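Undergrad: Line order of the protein sequences matches chains A and B.
As numbered in UniProt numbering, residues 1 to 550 make up the first sequence, in order.
As numbered in UniProt numbering, residues 1 to 631 make up the second sequence, in order.
Treat the hints as calculated values from the structure; they're not laboratory data.
Treat the hints loosely; a few may be bogus.
Calculated Cβ distances over 12 angstroms to all of chain B for the following chain A residues [stated by the list, open to error]:
#1 Leu35
#2 Val43
#3 Ala355
Pair ranges (Cβ atoms, derived) [as the list claims (entries may be wrong)]:
#4 B/Arg24 with A/Val66: 54 to 60 angstroms
#5 A/Phe489 with B/Phe615: 40 to 46 angstroms
#6 B/Ala623 with A/Phe489: 32 to 38 angstroms
#7 B/Lys601 with A/Arg133: 39 to 45 angstroms
#8 A/Pro436 with B/Glu454: 57 to 63 angstroms
#9 B/His161 with A/Asp540: 55 to 61 angstroms
#10 A/Asp506 with B/Val560: 55 to 61 angstroms
Facing chain B, from chain A, some residues (calculated, C-beta under 8 angstroms) [said to hold, decoys possible]:
#11 Lys217
#12 Ala227
#13 Ile275
#14 Leu281
#15 Phe500
#16 Glu502
Predicted model, so just to flag it, every value in this text is computed and none were measured.
Note that CB positions come from ideal geometry on N, CA and C, so glycine has one too.
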Amino acid sequence: MTHAATVHSLWTTAAAAPDKIPSPDIEYGQLSPTLIVLGAAIVGVLIEAFLPRRQRYVAQLFVSVVALAAAFAAVIGLAAGDYGTSKARVAAMGAIAVDGPALFLQGTILLVALVAVFTFAERRLDPVVHGNRVDSFAAQAAAVPGGDAEKAAVKAGFTTTEVFPLVLFAVGGMLVFPSANDLLTLFVALEVFSLPLYILCALARRQRALSQEAAVKYFLLGAFSSAFLLFGIALLYGYAGTVSYSGIADVVDGQVRNVTPALAGTMGNDALLLIGGAMVLMGLLFKIGAVPFHMWTPDVYQGAPTPVTGFMAAATKVAAFGALLRLLYVVLPGLRWDWRPVMWGVAIVTMLGGAIVAVTQTDVKRLLAYSSIAHAGFILAGVIATTPEGISSVLFYLAAYSFVTLGAFAVVTLVRDAGGEATHLSKWAGLGRRSPLVAAVFAVFLLAFAGIPLTSGFAGKFAVFKAAADGGAGALVVIGVISSAVAAFFYIRVIVLMFFSEPRTDGPSVAVPSPLTSSAIAIGVAVTLVLGVAPQYFLDLASQAGVFVR
Amino acid sequence: MENLIGLLVAVPLLGAALLLCGGRRLDGKGHYIGTVLAAGSFAIGAVLFADMLGRGEHDRAMHSKVFSWIPVGGFRADVAFQLDQLSMTFVLLITGVGTLIHIYSIGYMEHDERRRRFFGYLNLFLAAMLLLVLADNYLLLYVGWEGVGLASYLLIGFWQHKPSAATAAKKAFIVNRVGDVGLSIAIMLMFTTFGTFTFAPVLTNADHASEGKLTAIGLMLLLAACGKSAQVPLQSWLGDAMEGPTPVSALIHAATMVTAGVYLITRSGAIFNAAPDAQAAVVAVGAVTLLFGAIVGCAKDDIKKALAGSTMSQIGYMILAAGLGPIGYVFAIMHLVTHGFFKAGLFLGAGSVMHAMNDEVDMRKYGGLRKYMPVTFITFGLGYLAIIGFPGLSGFWSKDKIIEAAFAKGGTEGWILGGAALLGAAITAYYMTRVMLLTFFGEKRWAPDEKGHEPHPHESPSSMTIPMIVLAVGSVFAGGLFSVNDAFLKWLEPVTGHSHGDSPLSAAAVTAGTMVVLVIGVALAWAQYGRRPVPRTAPRGSLLTRAARRDLLQDDFNHVALVKPGQYLTRGLVYVDHKLVDGVVNGTAASVGGLSGRLRKLQNGYARTYAVSMFGGTAVLIAATLLMRAV
Numbered sequence: 001m002t003h004a005a006t007v008h009s010l011w012t013t014a015a016a017a018p019d020k021i022p023s024p025d026i027e028y029g030q031l032s033p034t035l036i037v038l039g040a041a042i043v044g045v046l047i048e049a050f051l052p053r054r055q056r057y058v059a060q061l062f063v064s065v066v067a068l069a070a071a072f073a074a075v076i077g078l079a080a081g082d083y084g085t086s087k088a089r090v091a092a093m094g095a096i097a098v099d100g101p102a103l104f105l106q107g108t109i110l111l112v113a114l115v116a117v118f119t120f121a122e123r124r125l126d127p128v129v130h131g132n133r134v135d136s137f138a139a140q141a142a143a144v145p146g147g148d149a150e151k152a153a154v155k156a157g158f159t160t161t162e163v164f165p166l167v168l169f170a171v172g173g174m175l176v177f178p179s180a181n182d183l184l185t186l187f188v189a190l191e192v193f194s195l196p197l198y199i200l201c202a203l204a205r206r207q208r209a210l211s212q213e214a215a216v217k218y219f220l221l222g223a224f225s226s227a228f229l230l231f232g233i234a235l236l237y238g239y240a241g242t243v244s245y246s247g248i249a250d251v252v253d254g255q256v257r258n259v260t261p262a263l264a265g266t267m268g269n270d271a272l273l274l275i276g277g278a279m280v281l282m283g284l285l286f287k288i289g290a291v292p293f294h295m296w297t298p299d300v301y302q303g304a305p306t307p308v309t310g311f312m313a314a315a316t317k318v319a320a321f322g323a324l325l326r327l328l329y330v331v332l333p334g335l336r337w338d339w340r341p342v343m344w345g346v347a348i349v350t351m352l353g354g355a356i357v358a359v360t361q362t363d364v365k366r367l368l369a370y371s372s373i374a375h376a377g378f379i380l381a382g383v384i385a386t387t388p389e390g391i392s393s394v395l396f397y398l399a400a401y402s403f404v405t406l407g408a409f410a411v412v413t414l415v416r417d418a419g420g421e422a423t424h425l426s427k428w429a430g431l432g433r434r435s436p437l438v439a440a441v442f443a444v445f446l447l448a449f450a451g452i453p454l455t456s457g458f459a460g461k462f463a464v465f466k467a468a469a470d471g472g473a474g475a476l477v478v479i480g481v482i483s484s485a486v487a488a489f490f491y492i493r494v495i496v497l498m499f500f501s502e503p504r505t506d507g508p509s510v511a512v513p514s515p516l517t518s519s520a521i522a523i524g525v526a527v528t529l530v531l532g533v534a535p536q537y538f539l540d541l542a543s544q545a546g547v548f549v550r
Numbered sequence: 001m002e003n004l005i006g007l008l009v010a011v012p013l014l015g016a017a018l019l020l021c022g023g024r025r026l027d028g029k030g031h032y033i034g035t036v037l038a039a040g041s042f043a044i045g046a047v048l049f050a051d052m053l054g055r056g057e058h059d060r061a062m063h064s065k066v067f068s069w070i071p072v073g074g075f076r077a078d079v080a081f082q083l084d085q086l087s088m089t090f091v092l093l094i095t096g097v098g099t100l101i102h103i104y105s106i107g108y109m110e111h112d113e114r115r116r117r118f119f120g121y122l123n124l125f126l127a128a129m130l131l132l133v134l135a136d137n138y139l140l141l142y143v144g145w146e147g148v149g150l151a152s153y154l155l156i157g158f159w160q161h162k163p164s165a166a167t168a169a170k171k172a173f174i175v176n177r178v179g180d181v182g183l184s185i186a187i188m189l190m191f192t193t194f195g196t197f198t199f200a201p202v203l204t205n206a207d208h209a210s211e212g213k214l215t216a217i218g219l220m221l222l223l224a225a226c227g228k229s230a231q232v233p234l235q236s237w238l239g240d241a242m243e244g245p246t247p248v249s250a251l252i253h254a255a256t257m258v259t260a261g262v263y264l265i266t267r268s269g270a271i272f273n274a275a276p277d278a279q280a281a282v283v284a285v286g287a288v289t290l291l292f293g294a295i296v297g298c299a300k301d302d303i304k305k306a307l308a309g310s311t312m313s314q315i316g317y318m319i320l321a322a323g324l325g326p327i328g329y330v331f332a333i334m335h336l337v338t339h340g341f342f343k344a345g346l347f348l349g350a351g352s353v354m355h356a357m358n359d360e361v362d363m364r365k366y367g368g369l370r371k372y373m374p375v376t377f378i379t380f381g382l383g384y385l386a387i388i389g390f391p392g393l394s395g396f397w398s399k400d401k402i403i404e405a406a407f408a409k410g411g412t413e414g415w416i417l418g419g420a421a422l423l424g425a426a427i428t429a430y431y432m433t434r435v436m437l438l439t440f441f442g443e444k445r446w447a448p449d450e451k452g453h454e455p456h457p458h459e460s461p462s463s464m465t466i467p468m469i470v471l472a473v474g475s476v477f478a479g480g481l482f483s484v485n486d487a488f489l490k491w492l493e494p495v496t497g498h499s500h501g502d503s504p505l506s507a508a509a510v511t512a513g514t515m516v517v518l519v520i521g522v523a524l525a526w527a528q529y530g531r532r533p534v535p536r537t538a539p540r541g542s543l544l545t546r547a548a549r550r551d552l553l554q555d556d557f558n559h560v561a562l563v564k565p566g567q568y569l570t571r572g573l574v575y576v577d578h579k580l581v582d583g584v585v586n587g588t589a590a591s592v593g594g595l596s597g598r599l600r601k602l603q604n605g606y607a608r609t610y611a612v613s614m615f616g617g618t619a620v621l622i623a624a625t626l627l628m629r630a631v
């Protein structure tokens, strides 16, 4: 055979192969929310590449807002078309589930992201630099803090409009995360939304070193937890011979259909299941910020630009709890008696740990970070209920909590002194006398965090605790209520500080925001009050959405 | 027709809302609005009354449900009205006397810059009082009960710039709270006993409940009645309540609100009928109070306080009659109505005198006023004759019946109660003659005050005298009119029931006895105040007189028996709160803070520490999961 013939032979062999791979069946309609967001993110990248600097801000903002709104409309359309209930299916060859919880969480994430984008785009809070309006983000992310390159970038009026596509990529990952129906998709989604967040954390305009330190810590620890997650996935594959959720669940339930010959030695080995399950769980608990995997939270929340913190605190929690719910309710329900006691312990230390350590915090952003840890504990109590009410109460709590969080961080961006945001609590003394409206709005958010009636926090906490109590976790509820009492102390303390202390002479001033941040805060207040005063409609919505597809 | 019942309450309520929220714009015409709306309410009442007369005596009661107020599981409370003969009687009394007093107040409060607010409160009172008597269940009655209490508080303290008025308002409010607690407990007991607190089911099923429970409910209702109607032992607030403007004293603290206790007991008659012990307590309270009030009335030199003692005593009569059961209910209400006329008239007369005498209230500084104020003298005089029971006038008919019914109770009890009622009649004649003589007869004893203003007594304007005349007409004729053919008895009997007692004395004998004591009382007063000049400063007086001037030591008793122990208890509780409760609370807070400070140190900022924490956490997670399986 000639050389040319050999090549030809290889060529033809290679060409024949594609016939054997079936073309995947993709339900574009049901995946449209994710596809719209990811598509818009790519458009954002193209804008960065081809549009002149001056025009990028408006274009990016426009694309982001339109994409998020369109994706939200798509979610609503799917829900209206019964894709969350009777037509709930597993799509994309079993990789992604489109069901009630997935749509509810996707809708929440999209709304949160939309509001967060408003705060990202705010350009009126920082003073004008060299005739340019600036936002919360570094002029040029790659420039060394304080170096000549940075000064030049500031002088040239550079801005990091890349944040918009980054947010869109993160949102795309978050949309997939709670609807991932196999472990590999879960892992890919995790990385898709984590990597942009690491970068966003590093982009603060002020205190850049702190911001970069936060980003590096977040990245290192995130990679560390991803490694655990990935190892857990491997072990679960070894146990079940598949990474699909329903496949693993079948093996757990003892309905093994086909043993893969290569895995005959490990399949059905419970040690693999338990260790693998615990490791995957750990990966999710890290994202949630549960004790003892929470330690990144305060540092990252403090260091990241505040709009990013708000987005991250709200949306990541929603996505991660969605994934956790699906893992526990779809993959591991047969293992309930194994994971429930462990999750009990995690929930208890998370509630108490978050609440207790928050008591001595002196920085508003760190305070809110610990508060978010305590809230993760409260939500875990609902997760542990293992009842349909448990699912719906968690969904409701996530929706309620995410808007309170967004709003609270948005208020933090307003209180400023010469060094940027004045996050030290002592500077907030007497704020109520100087800016009664801002202080009152913040007080509303704090009361919602504390779970005072007529705010969404009360309705959510009540739903979660009720589900937990009905699900046989009464002791957990008692501890939850005690933690709430401890937590109420530091929330109310801030209110007292704002309204009943003498204002400091060198106190911060409250910047007047553009309609962007104002509307973000207004939406936060509105959702907080509506969900607090008339929660029933949304509780019903959550309970309609509360069934997972397998 | 039923819809008018709600309107009856709504009209004065609208007035209150308008006048209290309307602001200064209404200052010039607020009193007219208030008066017109009160009169409107009276007109509605009159229409309903005519309608009721047109129907047979057994289907006169009307019901009107406005809306479901609190529907929670088995617990159900409606805003619903019931208008029967008993309520109707009250409606006419309240709106009729109320309207007259509104008219009177136009003149009386002319120079008060807060007149609009005054009329707003008066309208509020009318609305609340009408709600009280029209409610078809105890819970709604309670709303009205609290409403009149609020109006009373606001009006007693209307001249809040005077510390005495502010204190008196608070005193009335607090003493009334004690009674209100009784009412709320009674309502709760009713709910646990009957499962409802609507009048009809509660009262028709009263026989089926155990006597012990009924006695408890009855005693709690009596406690409520004592508070609102200023009966012993909760009587102490009424005298001080005279700090309020005189029209208020006439309307609220003589004619209407203070009789709410009588209404409550009469309305709950079925409960008391089945609980003899509670009934005995009611008559005891009534008998004691009628003497207590009368004695206090004898010693007071302040004209309004003398009349307040009299009010207390007359309500004692009513409570006594109501406690007698079916023998007495009708007469209790009849006396209540006639008393409403003559006592309101007397108070308005007193107001007229004070108006003429620069707000002087000490009767020792009056004297001989009949020449200066003829209309006031005549109307007051007719009220005086009515209250002492002068034959043919209103008080004669109603009081006589009560004394008769008291004897008819029978046995030793009957003699004691009848005797007390007779004695009370004698004292009434004495103190009222005293008031009359000190005020209108004898030499003039007034003199210039410190600032040199000498009072120039004059007759009051017609806006004040006309209501007095109307009330005087009622004082003269109402009792007789009610007694023609036993008209009042037949009117009310379908609601309250009636039985004739077995009196050891004939009606004629009782009347004769009453006349004798009446003459004795008047003669004694004449001997003391008519024949010889009255000193301008009160003489020292006997021990009893001095005690009576201090309201028979009621406040001293309350101070020693209630206030002091209460203070000690409070101090003790405060001590426990500081040392024990705060200790625990602060200790917990401190330990949480300490723990927080220690845990915080774990957060040292090093990524490696965080990673170790995660690693350890995962190890524990895995170990715990495996352990769970092993166990």
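Undergrad: Hint by hint, say whether it matches the structure.
TA: Hints versus structure:
1. Non-interface call for A/Leu35 relative to chain B: holds, since the shortest CB-CB distance, roughly 34 angstroms, exceeds 12 angstroms.
2. Distance to chain B confirms A/Val43 as a non-interface residue, since its nearest Cβ pair spans about 36 angstroms, more than 12 angstroms.
3. With a minimum CB-CB distance of about 9 angstroms to chain B, A/Ala355 fails to clear the 12 angstroms threshold, and the non-interface call is violated.
4. Range check, B/Arg24 to A/Val66: Cβ separation about 55 angstroms, and the 54 to 60 angstroms hint holds.
5. Checked against the given bound of 40 to 46 angstroms, the beta carbons of A/Phe489 and B/Phe615, roughly 32 angstroms apart, lie outside it.
6. Taking 32 to 38 angstroms as the suggested C-beta distance range, the pair B/Ala623 and A/Phe489 conforms, at roughly 34 angstroms.
7. Against the hinted window of 39 to 45 angstroms, the Cβ-Cβ separation of B/Lys601 and A/Arg133 comes to about 42 angstroms, which satisfies the hint.
8. Remark: the range hint 57 to 63 angstroms for A/Pro436 to B/Glu454 is upheld by a beta-carbon distance near 58 angstroms.
9. Hint check: B/His161 to A/Asp540, Cβ distance near 57 angstroms, so the stated range 55 to 61 angstroms holds.
10. A/Asp506 and B/Val560 have their C-beta atoms about 59 angstroms apart, which keeps the hinted 55 to 61 angstroms range intact.
11. Below 8 angstroms, beta-carbon pairs count as interface contacts, and A/Lys217 has one with chain B at about 5 angstroms; its hint therefore holds.
12. The beta carbon of A/Ala227 comes no nearer than 11 angstroms to any beta carbon in chain B, farther than 8 angstroms, and the hint placing it at the interface is violated.
13. About 5 angstroms separates the beta-carbon of A/Ile275 from the nearest beta-carbon of chain B, less than 8 angstroms, and the hint is met.
14. The interface hint given for A/Leu281 is met, as the beta carbon of that residue sits about 7 angstroms from the closest beta carbon of chain B, less than 8 angstroms.
15. For A/Phe500, the shortest C-beta to C-beta distance to chain B is roughly 18 angstroms, which exceeds 8 angstroms, and the interface hint is violated.
16. A least Cβ separation of about 23 angstroms between A/Glu502 and chain B goes past the 8 angstroms threshold, and the interface hint is therefore violated.
Against the hints set out earlier in the document, violations occur for numbers 3, 5, 12, 15, 16.
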